[in-house]
Structure formats: C-alpha cells, structure tokens
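Student: Residue numbers (this note's numbering), protein chains in the order written: chain A, 9 to 352; chain B, 9 to 352; chain C, 9 to 352.
Subject to a maximum C-alpha distance of 30 Å in a straight line, what follows is the list of computed BS3-like cross-link-like pairs (lysine-lysine):
| # | chain 1 | residue 1 | chain 2 | residue 2 |
| --- | --- | --- | --- | --- |
| 1 | A | 239 | A | 24 |
| 2 | B | 24 | A | 203 |
| 3 | C | 203 | A | 24 |
| 4 | A | 203 | B | 309 |
Listed next, with one range per pair, are the computed distances between beta-carbon atoms:
| # | chain 1 | residue 1 | chain 2 | residue 2 | range |
| --- | --- | --- | --- | --- | --- |
| 5 | B | 13 | A | 124 | 36 to 44 Å |
| 6 | A | 104 | C | 214 | 28 to 36 Å |
| 7 | C | 290 | A | 59 | 23 to 31 Å |
| 8 | B | 118 | A | 123 | 38 to 46 Å |
| 9 | C | 214 | A | 60 | 28 to 36 Å |
| 10 | A | 97 | B | 337 | 54 to 62 Å |
| 11 | A | 59 | C | 87 | 47 to 55 Å |
| 12 | B | 198 | A | 60 | 32 to 40 Å |
| 13 | A | 63 | C | 43 | 57 to 65 Å |
| 14 | C | 350 | A | 346 | 14 to 22 Å |
| 15 | A | 60 | C | 342 | 51 to 59 Å |
| 16 | A | 18 | C | 103 | 56 to 64 Å |
| 17 | A | 320 | C | 346 | 22 to 30 Å |
| 18 | B | 122 | C | 214 | 42 to 50 Å |
FYI, nobody ran anything at the bench for these hints, they're computed from the structure. Yeah, the Cβ is synthetic: ideal placement off N, Cα and C, and Gly gets one too.
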Amino acid sequence: MGGAGFTLGQLAAILKGTVDGDAARVVTGVASLEAAGPQHVAFVADGRYRQAALASRAGAFLAADDVHDLPAPVIRCREPRLTLIELLHLFHPPASVVPGVDASARVAADARVHPTATVGALAVVGAGAVIGAHAHLHPLVYVGPGAEIGEESVLHPHVVVREGVRVGRRVIVHAGAVLGADGFGYTWDGSAHRKIPQVGSVVIEDDVELGANTTIDRGTLGPTIVRRGVKIDNLVMVAHNVEIGEDTVIAAQTGISGSCRIGRGVVLGGQVGIGDHVTVGDGAMLSSQSGVVSDVPAGVKLAGTYGRPLMEFQRIWVTEAQLPDMLRRLRALERRLEELTKGE
Amino acid sequence: MGGAGFTLGQLAAILKGTVDGDAARVVTGVASLEAAGPQHVAFVADGRYRQAALASRAGAFLAADDVHDLPAPVIRCREPRLTLIELLHLFHPPASVVPGVDASARVAADARVHPTATVGALAVVGAGAVIGAHAHLHPLVYVGPGAEIGEESVLHPHVVVREGVRVGRRVIVHAGAVLGADGFGYTWDGSAHRKIPQVGSVVIEDDVELGANTTIDRGTLGPTIVRRGVKIDNLVMVAHNVEIGEDTVIAAQTGISGSCRIGRGVVLGGQVGIGDHVTVGDGAMLSSQSGVVSDVPAGVKLAGTYGRPLMEFQRIWVTEAQLPDMLRRLRALERRLEELTKGE
Amino acid sequence: MGGAGFTLGQLAAILKGTVDGDAARVVTGVASLEAAGPQHVAFVADGRYRQAALASRAGAFLAADDVHDLPAPVIRCREPRLTLIELLHLFHPPASVVPGVDASARVAADARVHPTATVGALAVVGAGAVIGAHAHLHPLVYVGPGAEIGEESVLHPHVVVREGVRVGRRVIVHAGAVLGADGFGYTWDGSAHRKIPQVGSVVIEDDVELGANTTIDRGTLGPTIVRRGVKIDNLVMVAHNVEIGEDTVIAAQTGISGSCRIGRGVVLGGQVGIGDHVTVGDGAMLSSQSGVVSDVPAGVKLAGTYGRPLMEFQRIWVTEAQLPDMLRRLRALERRLEELTKGE
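My request is simple: use the sequences and hints to build the entire structure.
Tutor: Here's what the structure looks like:
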C-alpha cells in the first residue's frame with residue numbers, strides 16, 4: 009500500500025504543520041505503531057501510546073501536542089486526528105472510477121442515470137429510479153422502481169434499495185445492507201396473523217453511513233427517517249416508522265423497534281435494544297447490551313436492562329458480587345437477634 | 009401515495025361499514041394521524057390516540073368503537089384493525105407483475121418454472137428446482153438445485169435458497185435472507201475442528217414471512233422446520249434442526265440454537281437467546297433480551313438471564329436499585345448488634 | 009438423500025470398525041434416531057441417547073462404546089464421532105463441480121482464475137484478483153479487485169469479498185457474508201463526524217469457516233486477522249483490527265469490537281459482546297449473552313455483564329431471587345433492633 013513517497017517537509021506543507029527533526033526524510037505510507045517500518049509515518053493519538061511509540065520502528069510520527077521525545081521526526085499540526093484523515097487520503101487516494109453503465113447491468117428504460125454516475129456489473133436499476141451525479145453503484149446492487157440515489161453516494165456490492173426509497177447525497181451503504189424491507193406488522197384475525205401492508209418508505213438524508221448487512225425497514229404509512237450525518241455500524245436493525253436524529257452514532261448489532269424517536273447526537277453502544285415507541289433524548293448514551301422500554305431523557309448515560317443510570321448500574325453490579333455473602337450475614341443477624349431476644 | 013379517490017360512502021360500502029358524517033367527502037389515501045391532510049383517512053386504533061386524532065388534519069377517520077367526537081367524518085366497522093388492512097390494499101393495490109423469466113436470469117434447463125411465475129433480472133435457478141404458480145423471484149435471487157418455491161411465494165432481491173430447501177405457498181422472504189446454510193457443527197479430532205457434514209434441509213411451510221438478512225440453517229440429518237403462519241423479523245438466527253410451531257412470532261435479532269423445539273403461538277421478543285435442545289411450550293412469551301437454557305413451560309412469560317417469571321424479574325430489578333443501600337444498612341445492623349452484645 | 013446401499017460389513021471395513029450383529033444387512037443412508045427407518049444407520053452419541061435408541065426404528069446404529077443392548081446391529085469403531093463424519097461423506101459425496109468460468113460471470117481481463125477453479129453464474133471477479141486451484145465461487149459472488157481466494161475454498165452465493173482481502177485455503181464462507189467492509193471509525197471535527205479512511209485489509213487463514221451474513225470489517229491501517237481453523241457462526245460481527253487466534257469457535261450473533269485480541273481455542277457463546285481493545289486469553293470461555301469490557305485471563309469461564317466467573321455469576325443469580333425477601337427481612341431486623349434499643 010502507499011505509492012509515491014513524500015518528504016516530511018512536503019507532508020508538513022500540505023498538512024499545514026511543521027516538522028520536528030529531519031524534514032528531508034522520505035516516507036511512503038502510513039502504518040500502525042506496531043507494524044510501521046522506517047518508510048512509514050505512524051500516528052500517536054495521545055500520551056497513552058507513548059510507550060508503543062518509543063518501541064516503534066516508524067520513520068516518522070504524526071503526534072498529539074502532549075507527546076514528546078519520540079525516537080524519529082515528528083509532524084506537528086493543530087488537529088492531529090483530523091490531519092490523520094488527510095494523511096491517509098494523501099497516501100490512499102480514492103480509486104479512480106470510470107463513469108457509465110456496465111454492459112451487463114440491467115437498467116430500466118425510464119430510469120434516469122446521471123452521465124457521471126457509475127453502475128457496476130450485473131447491477132439492477134428499476135423503472136423510474138434516479139441515480140445522481142457521481143453516484144457509484146457497485147456490482148450486483150439492486151435499486152428498486154422509483155428509488156432515488158443522491159449525488160456522490162456509494163452503494164457497495166449486494167446492497168438492496170427497495171422501491172421508492174430515497175437516499176441522499178454522499179451516503180455510503182456497505183455491502184449487503186437492505187433499505188426498505190417491509191416493517192414487521194400484523195393483526196391477529198382470530199385464526200392467523202394478517203399482514204398489515206407496509207406502504208411507507210425510507211428516507212436516508214445526506215452524509216449518512218450504513219454498515220454491512222444492516223437493515224432499515226420501510227414505514228407502515230409514512231417514512232422511516234435517518235437524518236443527516238448519522239453513522240450506523242454493521243448488522244443493526246432499524247424498524248418501521250423510526251426516526252433517527254442528526255449525527256447520532258449506532259454501534260453494531262443494535263436494534264431499534266418500531267416508531268422510536270432517537271434524538272440528535274445520541275450514542276448507542278453495540279447490541280443495545282430499544283422497545284417500540286420509545287423516545288431517546290438528544291445526546292443520550294446507552295451502553296452496549298443495555299435495553300430500554302421507556303423514554304430516555306436528553307444527555308443521560310444509561311446501562312443494563314430497563315436502562316439504569318450508568319453510575320447506579322455499576323454500583324449495583326459491584327454490590328451484587330457480595331449478594332450471596334449478604335444473605336449469609338442477614339441470616340446470622342437474624343439468629344443472633346433471635347438468641348438475644350430469647351435471652352431476655 | 010394513493011391514486012384514485014373514493015367517497016367515504018363508497019369506502020364504507022366496500023368495507024361493510026357506515027359513515028358518521030359527510031359520506032360525500034372524497035379521500036385519496038391513508039396517512040398517519042400526524043402526517044394526514046384533508047385528503048387522507050387516518051386510523052385511530054384506540055382511545056389512547058384520541059388526543060392525536062383531535063389534533064389531526066385528517067379529512068376522515070377509521071376509528072375504534074370507543075373513540076367518539078372526532079373532528080372529521082368517521083368510518084365505523086366491526087373490526088377496525090382488520091379493516092385498515094383492506095383499506096390499505098384499496099389505496100395500494102399490489103404492483104402488477106409480468107409473468108415470465110427475464111432474459112438475463114439464469115435458469116437451469118431442467119428447472120420447472122410455472123408459466124405464471126416471475127423470475128426477475130439476473131436471478132439464478134438451479135438444476136431441478138421447481139418454481140410454483142404465481143411465485144415471484146425478484147432480481148438477483150438465488151434458488152439452488154432441487155429447491156422448491158411454492159405458489160404465490162415472493163423472494164425479494166438477494167434472497168438465497170440453497171439446494172434442496174422447500175418453501176411453501178404464500179411465503180414472503182425479505183431481501184438478503186439465507187435459507188439452508190450449513191448448520192454449525194464440528195467434532196474436535198485432537199488437533200482441529202472437523203466439520204460434520206450438514207446434509208439435512210430446511211422446510212418452510214405456508215404463509216410464513218421471514219425478515220431481511222435472517223438466516224435459517226439446514227439440519228444436520230433431517231430438516232429445520234418453520235411451520236405454517238410463523239412470522240420472523242430481520243436478522244434472526246435459526247440454527248440447525250430447530251422446529252418452530254405454527255403462528256409463532258419472533259422479533260428482530262433473536263437467536264435460536266440447534267435442535268430447539270419452539271411451540272405454537274409463542275412470542276419471542278427482540279434479541280432473545282435460546283440455548284440448544286431447549287423446548288419452549290405453546291404460547292410462552294420471552295421478553296426482549298431474555299435468555300433461556302432450559303425448557304420453558306407453555307403459557308408462561310419470562311424475562312432476563314436464564315428466563316425468570318416476568319413479575320419476579322421486575323420485582324428483583326426494582327429491589328436491586330436498593331442493593332448498595334441494603335449493604336450499608338446490613339453493616340450498620342451488624343455494628344449495632346456488636347455494640348449491643350459487647351455492652352452485655 | 010442417500011444413494012447406493014452398503015452392507016454393514018462393507019461399512020465396517022471402510023470405517024475400520026466391526027459389526028455387532030448381522031453384517032449382511034443393507035443400509036442406504038444416515039438418519040436421526042427419531043426419523044430413521046430400517047434402511048438407515050442412526051448415530052448414538054453417548055448413553056444419554058440410549059432411550060431414544062431403544063425407541064428408534066433404525067436398521068443399524070453407529071454407537072459409542074458405552075452404549076449396549078441396542079435393538080439392531082451396531083457398527084463399533086474407535087472414534088464414533090469422527091466416524092460419523094466419514095459415514096456422512098460416504099452417503100453424501102460432495103456434488104461434482106464442473107470447473108471453469110460460467111459464461112454469464114464477469115471476470116476482469118487481468119484476474120487470474122486457476123483452470124481447475126469454478127466461477128458460477130453471474131459472479132463478479134475484479135481486476136487483478138486471484139482465484140486458486142479447485143476454488144468454488146457460487147453464483148452471484150463478488151470478489152473485488154486484488155482479492156485472493158485460496159485453493160479449495162468455497163464462497164457461497166452472495167458472498168462479498170472486497171478489494172484486497174486475502175482468503176486462505178479450504179475456507180468456507182457462507183451465503184451473504186461480507187469480508188472487508190470499512191471499519192467503523194470517525195473523528196468529530198466540531199460540526200460533523202469525519203470518516204477515517206479504512207485502508208487496511210482482512211486476512212482469513214486456512215481452514216476457517218464463516219457463517220451466513222457474518223461481517224468481518226477491514227482494518228484501519230493493518231489487517232483484521234482470522235487465524236487458521238477458526239469457526240464462526242451466522243450474523244457475527246468482527247470489527248476492524250481484530251485478531252482471532254487459531255481454532256477459536258464463535259457462536260451466532262456475537263460481536264467483537266475494534267482492536268480486540270482473541271486468543272487460541274477460545275469459545276464465545278451466542279450474542280456475546282466484547283468491548284474494544286480487549287484481550288481474551290487462550291482457551292477462555294464466554295457464556296452466551298455475556299459482555300466484557302476488560303481483559304479476560306486465559307482459561308477462565310465468564311458469564312453475564314462485565315463478565316463474572318461463571319460460578320460466581322450463577323451464585324448471584326440464585327441469590328437474586330431472594331432479594332425482595334432479603335429487603336423485607338432487613339427492614340424487620342432494623343425494626344426489632346430499634347425496639348430493642350428503645351427498650352433499654
């Protein structure tokens with residue numbers, strides 16, 4: 009990986025930083041502290057990684073301000089974490105994509121594919137679908153009738169976007185994700201579960217990223233909505249009629265039941281479960297594997313079943329270890345008191 | 009959405025109901041109470057939605073018997089929840105499907121595809137497979153050798169039905185679901201895990217619905233069986249040799265381990281885990297995120313780890329909040345009793 | 009199932025065992041104790057299945073040494089569990105596969121597909137990819153640019169192997185699994201989550217099996233590594249930069265967060281969650297639905313939230329049932345002591 013080399017001086021100029029040490033040294037790629045060799049820049053996120061940096065064979069470092077006395081030249085900049093992103097883009101420019109529709113793709117006659125868009129091999133684009141400028145449908149993607157994919161969005165292989173779903177701009181959908189499957193709704197008619205037609209849709213706003221094999225179901229009547237900037241990891245389930253607020257982050261394997269309202273800037277850990285019709289306030293944080301079935305106020309941190317405050321949850325957890333001992337002590341007290349009162 | 013309009017009188021006649029109010033009013037679609045405008049019918053499931061109905065701009069309501077004094081005409085019928093289904097079908101008739109095999113699909117020469125069936129673009133049908141009347145294979149579906157898809161069943165894009173799997177009639181399989189992957193079985197030979205060939209199959213009976221990216225593994229020797237009318241949500245795992253009884257409902261991300269017997273009319277919440285060889289009795293309910301490793305009697309409601317009775321689970325949960333305080337009080341009692349006996 | 013028949017004598021000779029009973033009896037397949045008829049061999053794993061064996065209609069048994077007095081002839085061998093595998097292969101030889109590239113597959117001009125490899129209908133192989141000898145890509149598989157698939161590996165339908173991912177020899181990847189999706193990494197820039205480019209890869213070593221719809225994300229800089237002999241069930245999430253040691257077994261729906269180091273011979277139950285940067289020692293076992301956020305020593309068995317020792321977890325669980333009662337008794341003690349001291 010990596011291709012052409014840069015001197016540290018060149019990198020510092022591009023990244024608007026400075027070099028502590030030999031600015032003429034040449035590096036050809038970025039690597040982790042452990043894997044780096046003399047040809048690599050390695051990233052030192054903060055002081056906790058100082059020991060690893062001292063042991064590293066990296067030829068140069070991009071380091072946070074508070075990390076000093078490193079064994080190789082250091083690129084210094086104002087925002088090292090954001091600069092790392094630029095550095096990675098420098099050494100790994102996006103693969104060039106040839107616009108156009110692959111001969112083996114099946115695109116409906118009345119679909120509108122922008123001339124700058126790319127439709128890969130064996131992809132399917134349904135009737136009346138719209139594919140925006142510079143959008144990239146990888147091979148074997150399915151975009152259903154009437155669906156819309158916004159400018160510069162990327163659908164990885166095997167993504168399914170069902171009929172009528174609207175995907176915004178600069179959205180990334182990872183392989184195998186399914187947008188717009190039917191919501192899970194039935195009515196018991198006395199002898200069978202009767203399916204409630206799910207005639208709503210899904211709206212994914214701009215700058216969203218959706219993980220591999222994640223599923224976002226369509227609403228029953230209106231849309232399921234994922235707002236601008238939301239980031240969702242792999243194997244997450246978002247049920248019908250849910251709305252997820254801007255910039256919320258959802259880790260892998262979490263499930264959100266029907267009609268929930270998740271606020272802005274919320275953080276959901278992995279394997280979290282949220283019952284139906286729950287509102288989660290802005291900025292709330294739910295720990296991994298927690299579950300909530302009632303509304304969550306803004307800004308709180310919850311953990312565990314029925315979502316307790318994190319600190320309370322941890323206090324209980326610690327005390328629980330003494331529970332068998334507590335029961336013994338309780339019995340002992342009862343006996344002693346019994347004897348005491350008997351003796352009276 | 010919605011196309012042609014109906015007067016409320018026309019709707020009432022079709023739905024075998026009556027109109028409270030102006031039967032000549034025309035509506036063109038169904039919407040939620042919040043999103044509805046004067047051209048929509050909105051559904052009022054029960055009295056809990058009365059406030060939302062009073063605030064709604066809907067042109068008409070379909071309402072439960074116990075909801076009165078609404079701000080627009082009301083369609084009254086005997087079973088409002090079932091009538092909602094009919095109403096949705098009226099305004100959203102299923103898209104017409106052209107029967108036949110798409111030119112880009114790959115169908116084995118000896119597969120039998122009924123002339124009324126639809127095989128979409130780039131779908132694959134293996135040797136000896138049978139596709140029933142009016143079945144609908146969406147684009148990019150895979151049906152393996154010897155598999156059978158019953159009449160009127162629908163396989164959404166990217167569904168995988170592996171060799172020999174049998175799918176009944178009127179079954180709906182959502183995008184990305186995998187039927188018939190190998191069960192997870194190995195024997196340690198002293199130096200490596202040796203794979204036990206999984207030569208069984210999967211049988212999906214009539215009227216089943218399977219969610220997006222759900223996986224139903226094939227049995228080791230015999231079949232994994234999903235009985236008539238079972239409804240399974242997204243990202244659910246059903247392991248080898250499991251049998252799921254009629255009309256059971258399973259919410260998203262639940263996992264059922266090998267050789268379990270799940271009864272009829274069981275309800276499994278989301279993210280439930282069931283250990284191997286467990287029998288769950290008819291009509292039992294397992295709360296979301298609960299886990300069971302031993303048999304569950306018919307009709308009980310369980311929650312939490314190792315599945316406690318729901319009421320007991322909730323009592324414990326409430327008491328747990330006082331656990332740190334209980335420990336303090338226990339210590340205080342011990343000290344006081346110590347002093348008391350010392351004083352003797 | 010099953011095809012040609014064998015006499016028990018023939019089977020015993022092939023399997024290097026002996027027959028207790030009529031060696032001339034002919035059987036045509038293997039079945040479970042419950043489903044077997046007179047034409048089947050059924051497997052009796054150990055004494056716990058003796059009752060089922062007595063009730064079985066099987067024509068013969070393959071039985072563990074400690075199971076005697078069965079109602080039909082018995083094949084005896086040294087390692088019955090391993091012999092079962094051989095027996096299944098005898099009756100279910102792997103379907104013969106025609107080598108070569110299907111005319112409908114899309115293989116890049118500079119991809120190297122071994123002449124003995126099979127590339128199924130509508131599969132896609134990207135530029136510079138390498139497909140090894142006797143490898144089998146089922147229909148609708150995607151192998152990205154520069155990816156490598158080792159000898160005799162099998163990719164089931166709809167598997168996605170993204171660019172640069174390396175899959176070893178004799179690896180089985182089940183339908184819908186995604187190898188090499190971007191890791192989940194962002195930096196907040198004050199107004200939005202900025203994506204950290206995920207430029208690492210995935211390395212799957214030899215003899216690994218990966219379940220249906222499982223996802224293994226690519227590393228940020230270096231590779232995510234799954235070592236030789238690892239077996240992973242369906243719907244599992246392995247995040248970026250994780251390394252999983254040899255022969256480790258991971259049950260369905262488990263999630264491993266970024267940068268974890270999982271040792272050799274570890275067993276993770278279903279729906280386990282492991283927080284980021286956690287090291288799990290060799291041979292450790294984590295019970296289903298447990299969660300850990302700190303390092304796990306080698307060889308321990310943990311359960312529950314924050315992973316307690318299994319025995320401790322179970323003691324706490326048992327005592328918890330008395331928690332509401334304990335609170336009552338604590339209050340009673342406090343009252344009695346109050347009265348006692350008041351009385352002084």
